[in-house]
Each structure stands twice: as structure tokens, then as C-alpha cells.
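Here the protein sequences come in this chain order: A, D and G. Each residue of the first sequence is one higher than the one before, starting from 4 at the first, in the numbering used here. Each residue of the second sequence is one higher than the one before, starting from 31 at the first, in the numbering used here. Each residue of the third sequence is one higher than the one before, starting from -17 at the first, in the numbering used here.
Derived from the structure by calculation, the hints contain no laboratory data. The beta carbon of each residue, even a glycine, is placed where N, CA and C say it ideally should be. A few of these clues could be false.
Said to hold, decoys possible - Residues on chain D that point at chain A, a partial pick, calculated with CB under 8 Å:
1) 97
2) 100
3) 101
4) 104
5) 111
6) 113
7) 123
8) 125
9) 129
10) 140
11) 147
12) 150
13) 154
14) 162
15) 166
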Amino acid sequence: MNEAYTISAVSAVVLASVLIGGFGLRISRTTSDFYVASRTVGPSLNASAISGEYLSAASFLGVAGLLLVHGPDMLWYPVGYTAGYLVLLIFVAAPLRRSGAYTLPDFAEGRLESARVRRVVSMLVVGTGWLYLVPQLQGAGLTLGTLTGSPRWLGAVLVSCVVVVAVAAGGMRSITFVQAFQYWLKLTALLVPAVFVLLVWHHDGGAPPVFPADPGAAPTAAGAGQPLATSRADHPLYATYGLIVATFLGTMGLPHVVVRFYTSPDGRAARRTTVVVLALVGLFYLLPPLYGWLGRLYAPELTGAGDADSAVLLLPGRAVGGVGGDLLGALVAGGAFAAFLSTASGLTMAVAGVLSQDVLPARGVRHLRVATVPAMGVPLGGALLMSGMPVADVVGMAFAVSASAFCPLLVLGIWWRRLTPPGALAGLLLGGGLALLAVALTVAGAGPVRTGWLHTLLAWPAVWSVPVGFLAMVLVSLATPGSIPPHTSATMTRLHLPESLGARQTAAAAAGGAPQGPGARQARAGRGREPQ
Amino acid sequence: MVTSPVRVFPASLRASPLPTLHAVSASAEPAPRRERVTGEPRTVHRLPGHRTQWEIDEQTTLGAAYVRSLMRSQLRAGLAAFALLALPVVTLPLFFAALRNATVVWAVLGFCCYPLLVLLARWYIRRAERNERDFARLVRGADHDGPP
Amino acid sequence: MTGTAAAVLLALCPLLLAGGFLVGRRTAHPAGRSDVGSPVERATFETLHTASLAAPPLRAGLSEDTARKAVRGLRTLLGTDALCVTGRSAVLAWDGSGEQHAGQVMEKLAGLLATGRSAAFDCGCGDPDCPLRWGVAAAIVVDQRVLGALVAYATRDFAVLARATDEVARWVSVQLELAELDRSRTRLIEAEIKALRAQISPHFIFNSLAAIASFVRTDPERARELLLEFADFTRYSFRRHGEFTTLADELHSIDQYLALVRARFGDRLSVTLQIAPEVLPVALPFLCLQPLVENAVKHGLEGAVTRSAISISAQDSGAEAEVVIEDDGVGMEPERLRAILRGEGGPTSGIGLSNVDERLRQVFGDDYGLVIDTGVGAGMRITVRLPKYRAGVHSSPAGGAG
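With the hints as constraints, model all of the structure from the sequences given.
Right, here's the structure in full:
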């Protein structure tokens, strides 16, 4: 009964994604209607797509699970995921779009004019992408396992197969429409059951759930399976700051987030899109805490077990019960799969793009398809190997690496003219490399440091690795003033100049009364032709 | 005399008999095969043209000064917004730790902060777009030959 | 006490002296200069000003019109009674008195025009009151070719004038050389534009206008729309600035092109467009796809085919966009196509194809040439891959296409 609903809901989501992907392309036989409709993707559609891609398993399942176990301190996760977009808007959104870069390596190459920086950025992008893919696959295994009793690996393998096939076959060709659809699906999948559960709760008397007063007290029961949880217990305040720094500054460097900005027609639209994303993501994040809160009431025993992440999936069944509960549970499962599919396919596309362009040797038309296999294979292996960690924690680590490596690169690259390739390399390797190392040690549960300050520092690296990244970049750049890229001034102009002006027109403006070069004259001639 | 479309059409039919042949024997023979053709590699260095683009952009030394002032005003807007975000974020965890009241944490972090984030974002883009508009006006004012 | 005071004063003396010296140097005028300029300076300024007035007409090249505009300024520079500017075969302009001498100038210049050496001559004027008794001529030389001469007249032989005429002729030569440079630059740009224009065949323009004309009576509204499409299309095709454009703009132009083609062929041509919105901002060389579509239309409607279907798709493929243009027309012999892509196809066939192939390879590298699947009678499928980002490839501001 339960299984049948779940399986059909999951299949429906997969099918709908593939179908919308295939037919979402603007097909037109009359030619004229295509252009009007789809000259570029409008801010609201694009914002839905970005939100759809961004809201991953960590948001859908992980946040509620963490809240259930650790109490309201964990609310910093969704706040950080949202505020990350604000920081992105403030420092990065418009200039990144104006740079014309499609990926972070593109940006690095365009700004610093160095192939070596590009290679290092590529490797870090692949590393971050893999780290982010692992929890998506874990979440898929957990969802399918919880609802149908299948073994944990099945869901992970299923999602990776669907994504690899869909990406490689071009089945999700129109990604924007798929992702936009999936945002609204995810929102519905959490909103409708939440309304029902709230009604039931109200009917039951509306007693608020009881959380342990000291957030550090509860997780002792969580046991050794959750290394991050124990480190939280040791130093909750430090962990909170680590989380804040990682999520606030890490969003801007996530590979699938950066790629999306390319779709905006110009910098101004990129900014406006980001504001809509902020609103959409904020709207969505009102719901997971609700599940965590009510989960404490209806599924309190999950705090003890290792799989608090399944709270969202189980809550409707526990609270409502009967066929209604089953149907709502199936809806949530469908939404969860939408979360895994959208984030995983976005990430796989981004990682495969970087792999095919910068890592694998060029081999003609098909190499993107070849690249999807390692792009998905490595994280699948990772997901099968380490299954004990909470989904949101692993995602937090991906954010930490992104914040340490890419935040300094983007912020300094956009706002500081004196950044040099050696400086960028130093910052990337020291900040990003150390964060990656710390994460790797934590994930591997490296022998000697299972408790204490050192473990906490390694588990929440952002607090120290982000300043290290920034400092290394600034100091080494200042020490190597000779290697400032030759076209820095032109690049900065392109990054910051509103498109309505355009680089050439400023050339004409600047030439004012001075003798004019041929460029300036040409620009003026060109402008004279334009419709006013 | 012979340029009516009716006459031109069969003429061209005669000129190339292949498609007709193909149509007749379509069931018997497989459709004509396609072959893949690509040009021969040219060992040209990438893009001689892209240097001119750079040169044009490079000429704008005065333009760069303009852009620098735009950057400064945008950075100021960004830093102001970031400060407005960072100040409460830095102090709130300490405040919550001192308060030890879960309900306040739920209310602030679970609900109240999202509208505030959106409002801050709106304030920022207003200011950023105003900066860009002012800058555009400044540049157009400096350009005497430009449109008013 | 007084001893130390005296010592301090003594020590201060050199400092005071040095200070006074510095102040003095700051405030004193250098010998012979005044703040409002010496006569020499004023003369220099005047000369420069006069020269700057004479320069602009010369920058348009040497012709009767420009010579006439420049000659007064040049005579002021030289301070002669009469000045003449000639071409290789005729007097272009004369300023000052004694214009009746103009008829005899050219015969005195034969040697100068052949060798480029300056020459002086007596006027041989019978009139004793005529102020023009002696002339000096200097060649105007551009690119080692003598374009003409500058001839100055005086009452008697006059070394300063000879030297001055030489210098002014050289200055004129430099101005004309600059003019030549300007022109060759313009020619280069025009050649590029012409190459682009060659891709829009004149037939297309005539046929479009004829098709539009056919609607003027029956369906004026459609004729108006088509005319606007035509205007937009040509404006885009002839635009002069920017090497790169966006896929959105290029596809828009193709859309207009197809609307015009369909106005002519009606139901004979069916077109399917499949565009993923993600790839619309991709930057690509200007007018890169339009020739391919034109090619597909031509192949589709060539021969006996009564109906032809063309499909154009632009899809997202990770870090690249993939554009496919396919027709079910007559196709092409693969060997012939190879020759065309090598640039050996002869003047009529597929210039568009090889030009596009070459430009794509130039801009994006050899991996990004055209990939064409075709055979005789098998239609043609052209695949273009475009990297979403390539350093240095940025579409110019889209203001004009809005």
C-alpha cells in the first residue's frame, strides 16, 4: 500500500522531469512566436529554476532532521543557505554575469588570464561538486529505504543512473523548465502535508513540543555515528559560527549556482533574479523548521537513532495516518526525489562540464557524455562508503570548501585590481586546500582526532580557512605586483559597467575633447546607427 | 515568356532526377547515406580579432577612472548592506546563548529573518541600480556628441 | 652667548641662501621669456594654428576641392604673394595674385614630377610690373609617388622661401600620407563588411522585396510587417560595430530571414525551431549561422522537391551550446563539400560554408569547426558547437538589437 504510493510518486517525478526536459524546449513552427517568448529567460522563471536547483536533499530532509536532534540552534542552516544568496547578490551577482563566464574556471581565466589558476580552480570545483553530490545520493538511499524498505544503496544507485542517463542522453535538455517545475513541486510537497499535520496538531490540543533546554545535552545519545554532532556538543558556539561563515560565504562558489547566472540576459537581471531567489528560498525554508518542530512531537524517537533525516518522510504518516497519511507521505517522497534529481543533475552537468573541458582530453562532440560517468561515479562511491553522516553536515562541508576557496577568489577578483595569479593560487591552495584537507580528515574520521578542539576545528574549518584564503591571496598579490594581469583594467570595466552603457561608449565619452583613436570614432559611428 | 512558375518547376525536375529516383525506389533501396565531413585543421592561432577588442577597451584610460569611481560607489553600497547583515549575525548567537530561550530562537531564525533578508536585498538593489543610473547620467553628460 | 648666537646665524646662512635661491628660481622668469610669450613664441603659435587649419581638408586626400580649401592656409604659412597647388597633370588651386600664370605652371614641373626633386624657375613674364618673377616648386610625395607639387612665387629668388616651400611640401605630404592611412583602414573595414554582405545575396534582397510587393494590395498589414522584418534584418546584417553577437540576436535575425523566405515560398517550406533558452546568451562571431540557414533553404528548395523541411535547434550541452541546422534537400557530394571547406569550391558554391568554418576555427580553435553530415540526395545536417565562454569573446552591448 504505502510502497505502491511511494513508488508511483517517485516514478511520476522522474517521468515528469524527463518529459518537461524533452518538450520544454520551445518548439515552434511559426518561427515568430519563439523569439518573443524566449529571447531570454525572465527573472521569475530563472529564479524558480535557481531555487529548484539549489534546494537539495540537505534542505528538504537534512534541516528538519538536524532540528529534531539538536534543537533550534540548527536554524542557522536554512538562514545561512538563504543569506548566502544575499551575500552573493551584494558582491558577486551582477559582475559575474557581466564577466560572461559560464563556470568558475572561466571566471578565473578571464579575470586573471592564467591557465594555471584555471586548472587549480577546476580541480577545486570538481572536489566541491563531488562533496555536494554525496549527500544527495545518501538522501536518495535513505528516502527509498525508509519508505519501501529497500537497501540503502538502491536509492543512490537509482538517482545516479537516472541523472547520468538523463544528462548524457540530453534528456534534460531544457534544464531551466525542469528546475523551475521542481521548485514548485518541492514547495507543494512540503506545504500540503505541513498544512494537514498542523491541522491535526491543532486538533490534538496544540501543545508545543519540548526541546531539551541545553542543546548540548541531547546529542550524547546520537553516538559515534555522527562525528559532527559530538563536535557540536563540545563547542556549540564555535560550531555555530563555523556554520554561519561557511553558508554565508560559500553559496557564491557552488558550481551549480554560478552556472545559473549565465542564463540571465544582463547584470541588472542577474541582480533582480537573485532577489526573487532570496524570496523563493526564504519561503521554502519556512517549512523544514516546521517539520523539525512537529517531528519532535510526533516522532521523538528519531533523535536517538542515526536516521533523523527521515523525519520529514515519516511525519505525515505518523501525524495523519491512514490512506491520507500514505498519500501525503508519497507526496513528500516525490518532493524529496525532485530535490535529489534537480540538485544532482545540476551538479553533474557542472562537474561534467568542467571535467570535459579542463581535465579529460578533448575528444570531439561526445566528451561531455563521457564525463558524466566520473562526475557521478566518484560521489556514488563516496555515498556508498560513508553512510553514517547527517546529510546537512556533509553539505555544510561542501559550503566550507567553497567559502574558503571561491569566496576570496570571487570577491577579490571582482573588487580588487591588484589581485595577481600567484596570489590567487596561494589563496586557493591554502584556503581551499586546507579546508578540503580538514573535511577529508573529518569524513575519514582520522584516528587520533575524534574529540576535542582539534576535531572541532577540522569539522568546522570555515572560521579559520576563509581568513587564511583571503590573507594568502592579498599578501601574495601584494608581494608580486609585477604579475598583475595586463588587461585588468579592461576586465574590471566589463565587470562593473552597466550594459546600457557598454565599454565602447565609455571610450567615446572618455575621449571627450582629447584626440580620438579609431576605436572611439568607430564606437560613435556605431552608436549613431542604433535606435534611440 | 517562359518564366511562369508552372514551367520553371518541371524544368528543375528534369535537371536533377535523383530525388525522383529516390522516391520511386524508396521501398527497395535504403535511403541515401550521409557521410560526415569536416574541414581540415588549420593551425591558426586563436583569434587575431580578439586583440582589437582588448585594445579598444584598453584605450579608455579616462574611462577606467570613471569605472573606478563607479566601483567605489558600488562597493560602498555592498559593504553597507553587508554590515547590516553581519552585525546582527555576529551578535545573535552570543545573544541566544545568553538568553537560553528556545522560543525566541525559533521565532527569530525560523520566521522573522527571512522577510528582513528580502527587504535588505531590495534596499541594496535599489541603491546599486541608482548608482548605475547616476553613473550613466555622468558619462552621458561628459559625452558632448552623445544623445541628450 | 653671543658667540653661540653668531655660530647659529652662520650655520643658518647657507640654509637661508639655499632657500632664497630656490624661491628666486621659482619666481624669476627665465631670460628673455615673458608670461604672455615672446614674439618668437607668438609666431610659432600662429604658425601652428594656421597649419592646424590647413590640415583637415588635406586629411581627405589631394583633390581640387581639398587643395582649394587648404591653399589659403598654406600661403599664410609661407607668406608669399602667390601659391599654387598642382596635381600630376593640372593645377588644383591657386591663391594670391597673378592667376594668369597658372597656365604655364605645369610645363615647368616636368622634371619635378619625374624625379621628385625641387625646382626653381624664372617666370618669364613679359610684364615688368608683375610681382611674380621667380617661382620655387617642391614635390608632394606620398608612398614614394609624386602626387603633385607646391609652387610658391616671389619677386626675386629667395633662399628662405625655397627652404620654407620644401618644408611645407613635406608637411603636406605627411598629412596626405595620414589621409592614405585613414583610407586604407576604412578600405579594410569596408572589405570586411563587403565580405559579410556577400553572404546576403542580392537575389535574396530582390526576391524579398518582390514577395513583399505581392502582399501590398492583398494583405497590406502583412506587407508592412514583412517590410519591418526586412528592415530589421538588413540593419542587423549591415551593422558595423562588434565582431561578436549573442545567439539570441543571431537567431532573431535568422527568424526574420525565414519570415521573408516563407513570404516567398509559402507552404513549400516548413521550419521547426527548437531553442533551449539557456544557450541564448552564448557569444559567437557575428553572422555565423545565417549563411548556414541560407544554405539549408537553398538546398531544400533546389531541384524537384516540392516541400522542404528545415529544422534549427540550439541545445544546452554543458559548457557548450550545440546548434544543429538540418534540411531534407538535395544534399551534396561529400568530396565536393570537402573541396569547398578547403576553399577550392570555386566562386559560386558555398562561400558561406567555408567562411563560417574558418571563422569558427579562428575564434574558438580547431576543435570547433563545422561538422556536416551529408550525401547526394540525403539532405544536410550541419552541427555547430559553441563554447559558452571563451576568454576574449564577448558580444558587444546589445543595445542596437533591442
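Now for the hints, and whether the structure bears them out:
For residue 97(D), the shortest C-beta to C-beta distance to chain A is roughly 5 Å, which falls under 8 Å, so the interface hint holds. Because the beta carbon of residue 100(D) sits about 6 Å from the nearest beta carbon in chain A, less than 8 Å, this interface hint is met. Restraint check, residue 101(D) versus chain A: the minimum CB separation of about 5 Å is within 8 Å; hint holds. For residue 104(D), the suggested interface contact is upheld, since its CB lies about 7 Å from the closest CB of chain A, less than 8 Å.
Below 8 Å, beta-carbon pairs count as interface contacts, and residue 111(D) has one with chain A at about 5 Å; its hint therefore holds. Against a cut-off of 8 Å between C-beta atoms, the interface hint on residue 113(D) is violated, since the closest Cβ of chain A lies about 10 Å away. Hint status for residue 123(D) relative to chain A: holds, with the closest Cβ pair at about 5 Å, below 8 Å. Among the interface hints, the one on residue 125(D) is violated; its C-beta lies about 11 Å from the nearest C-beta in chain A, farther than the 8 Å criterion.
Violation of the interface hint for residue 129(D) is found here, the shortest Cβ-Cβ separation to chain A being roughly 11 Å, above the 8 Å cut-off. For the restraint placing residue 140(D) at the interface with chain A, the shortest Cβ-Cβ distance is roughly 4 Å, inside the 8 Å limit, so the hint holds. Interface hint at residue 147(D): satisfied, since its Cβ lies 5 Å from the closest Cβ of chain A, which is below the 8 Å cut-off. Nearest Cβ of chain A to the Cβ of residue 150(D): about 6 Å, under the 8 Å cut. The hint holds.
Because the beta carbon of residue 154(D) sits about 6 Å from the nearest beta carbon in chain A, less than 8 Å, this interface hint is met. A hinted interface residue such as residue 162(D) counts as satisfied when its beta carbon comes closer than 8 Å to some beta carbon of chain A; here the least separation is about 4 Å, so the hint holds. Residue-level restraint check for residue 166(D) holds (minimum Cβ-Cβ distance to chain A is 6 Å; threshold 8 Å).
In terms of the numbered hints stated before, the structure departs from hints 6, 8, 9, listed from lowest to highest.
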